[in-house]
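One line per chain: the protein sequences are B and D, in this order.
Reminder that position 251 of the first sequence reads as 270 in the numbering used here, one-by-one numbering, no gaps.
Reminder that position 232 of the second sequence reads as 237 in the numbering used here, one-by-one numbering, no gaps.
In case anyone wonders, no lab produced these hints; they're calculated from the structure.
Among these hints, one or two may not hold up.
Stated by the list, open to error - If we take Cβ atoms under 10 angstroms as the criterion, some of the chain D residues that face chain B in the derived model are:
hint: 1; residue: I37
hint: 2; residue: V41
hint: 3; residue: Y42
hint: 4; residue: E47
hint: 5; residue: D53
hint: 6; residue: G96
hint: 7; residue: T99
hint: 8; residue: N116
hint: 9; residue: V118
hint: 10; residue: E155
hint: 11; residue: G199
hint: 12; residue: T203
hint: 13; residue: N243
hint: 14; residue: L262
hint: 15; residue: V270
hint: 16; residue: E289
To be verified - No farther apart than 25 angstroms at their CA atoms in a straight line, the calculated lysine-lysine pairs in the DSS-like style are these:
hint: 17; chain 1: B; residue 1: K296; chain 2: D; residue 2: K136
hint: 18; chain 1: B; residue 1: K296; chain 2: D; residue 2: K204
hint: 19; chain 1: B; residue 1: K296; chain 2: D; residue 2: K213
Keep in mind that this is a model prediction, so the values were computed, not measured.
We put the CB at the ideal spot given by N, CA and C, even for glycine.
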Amino acid sequence: MFANLAERLQDTFKKMRGKGRLTEADVNEALREVRLALLEADVNFKVVKNFVARIKERAVGQELLSSLNPAQHVIKIVHDELTTLMGGSNSKINLAPKPPTVIMMVGLNGAGKTTTSAKLANLLRKQGRRPLLVAADVYRPAAIKQLQVLGEQLKIQVFAREEQQDPVAIGRAAVEKAAVGGFDIVIIDTAGRQEVNEELMAELEAMNSYLQPHEILLVVDAMTGQTAVNVAETFNRRLELDGVVLTKLDGDTRGGAALSVRSVTGKPIKFAGVGEKLDALEPFHPDRMAERILGMGDMLTLIEKAQENFDAGQMARMQKKIRSMEFTLDDFLEQISHVKKMGPLEQVLGMIPGLGGLKKLKDIQVDEKELVYVEAIIRSMTPDERQEPERVLNGSRKRRIARGSGTSVQEVNRLLKQFEQTKKMMRQLMDMEKSMKKGGKIPKMPFFN
Amino acid sequence: MGFFNRLKDSLAKTRQGFVEKIDTLVHRRKEIDEDVYEELEEILVQADVGVATAMELVENVRRIVKERRIEDAAGIKPVLKEQIRELLGTGNMTINVYWQSPTVVLVVGVNGVGKTTTIGKMAHLYKMDGKRVLLGAADTFRAAAIDQLEVWAERVNVDLIKHREGSDPAAVAYDSLQAAKARGADLLIIDTAGRLHTKSNLMEELKKIGRVLDRAMPGAPHEVLLVLDATTGQNAVNQAKLFGEAVGVTGIVLTKLDGSAKGGVVLGVKHALNIPVKLIGIGEGIDDLRPFDVEEFVEALFS
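One chain only, chain B, in its complex shape:
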């Protein structure tokens, strides 16, 4: 529906090329698109209103930078403002001067408190802490068991008192245990409710006043709609939150809730849950979130992932090869193994701006199993064949390769064709990068040319 704000803004501004200054009418038209994009991303209505008003103030009458066209200019302002609004990256936990540090996880049912508690414990342990998980959700059937199972998987101790129905008492006993048992972090998984109601708030307030946690983290589902504001407001008013954890960010939600929550509480979003595995909790990146809300993909994450998996020397060598069109099937094979290391292909593709829109992704549909065949086919070739397939390969060689890799000649042909296409695509990407460098000003938006 509103796949790409950038593209739409480009359209809006097509008619007003060559202007040196943004007029109010220009800005209004652009902001209509921005407003729709933000609303489609589930940013709360009131938050959008204020935000758009601020942008307008900043944008009207501004002189255009020579390197940017009007659309780019507005996007830059929107992007900057959004990033600022979402706050600097701060994923530090307030540590108690005298351990143990008590962390209380709060939130509605289904936001992901229990899983996030376990993930946080895992993360803190990696940083050299000794966390104790506390099962204080005495309502949901099997919630305690769930935390125990997760604790077992992580080999992190879980404190539970199944016969005890009072979460305050459980919390107290846990803190005592932590003090004697040498735990320096106590993470309390509290009960949720379906809605923000008095009963829940009273219970959490009691825990807050008796246990005096050093950190209260609100767990919010990134897919939450307009209600995110009410939820965050209430929790913050009653408990004085220290931060927010955004969960289920690994889906395709734009996650406008992040902006809503941030702007009504003023509290930093400290972590983001990005997968089902217990190490899938990351520090929150406001700039990336800004791009995501605007539907601009997550280029930075992709770049970072690529950097993790390619070393610089390799990259340079590969680039040179691509530029000189010396890229061979051997290199292709190497690339495949790197790409595989970067994570599920669909995830990788989803991070490329413009590909983030589901519709386009559908057309690509990378089947990871296909890569296995590709590898098998290339491995069935002789070094010569890998170097110059178009020159060396004939019918009988192709038949041999097909037999060797357990595929068919058609599949071998298809691979060769794909390889040629890939080569071309890489060239294009390379050119894009070059023009991006020329533009210089907005390195995070390589899709503008």
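Let chain B serve as the given structure and place chain D on it in line with the hints.
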């Protein structure tokens, strides 16, 4: 207290937020001008209806107001109500009962929307209705999901088919179906692990469950219910779309409707994909799952 009143009560917040705004809007102004429509759209958007759907609804209202020559702003509300009723009130809104037992219901959705709880309540609902219900614990992924469903099975007093945690969910589904046939169950409800609709491997797993069921009993599952959390925003449309592509969603269960959540996204889902709401969860109690009734829903929303 009848169901109508209960629903009204639990939708009180929704009503306050939603209808009062419309009321103040309509009562404040006597004449209909552009601002009235704009504010109407804003109110719908705030209820998570989604911009596209909201715009279209408002366009329809605008057209009808013109056609019927409505001049007083107070006449707008009934028109909007009518539009919402028209949008939600089409399609098969009951649970498909297969002519031959068991009717197989597969329950799917993203993480944390309340699938397991919904199944517990559903088992209760149909057991009270005199049906022989069997549960299949095919969420073998989430820690303690099986235990959670087991607690519900005990509470409701129905049988449960389970394997070990981490086992193949399709195998659980198959065994459940065989057991349902052998025990003469009327209704088999299969729980599945919460999965984000964007994870292709997990969606493949779901497809496999569908294939296995269809092979064991052609035509099964007869009903695929997508559980949606009423607090969810526009992503619900993507969820419905992708789950639909994988296993053919036949209905929506809207949960957590008792919250301040407005659940307006079902309008968006119906509008975009024409998937009807079949059940709604209006509270945390065992009785708090009800067949969806458009009249009651819209009435409660607007009364």
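Self-check item: Violating hint indices (sorted, rising)
Solution: 1, 2, 3, 6, 7, 17
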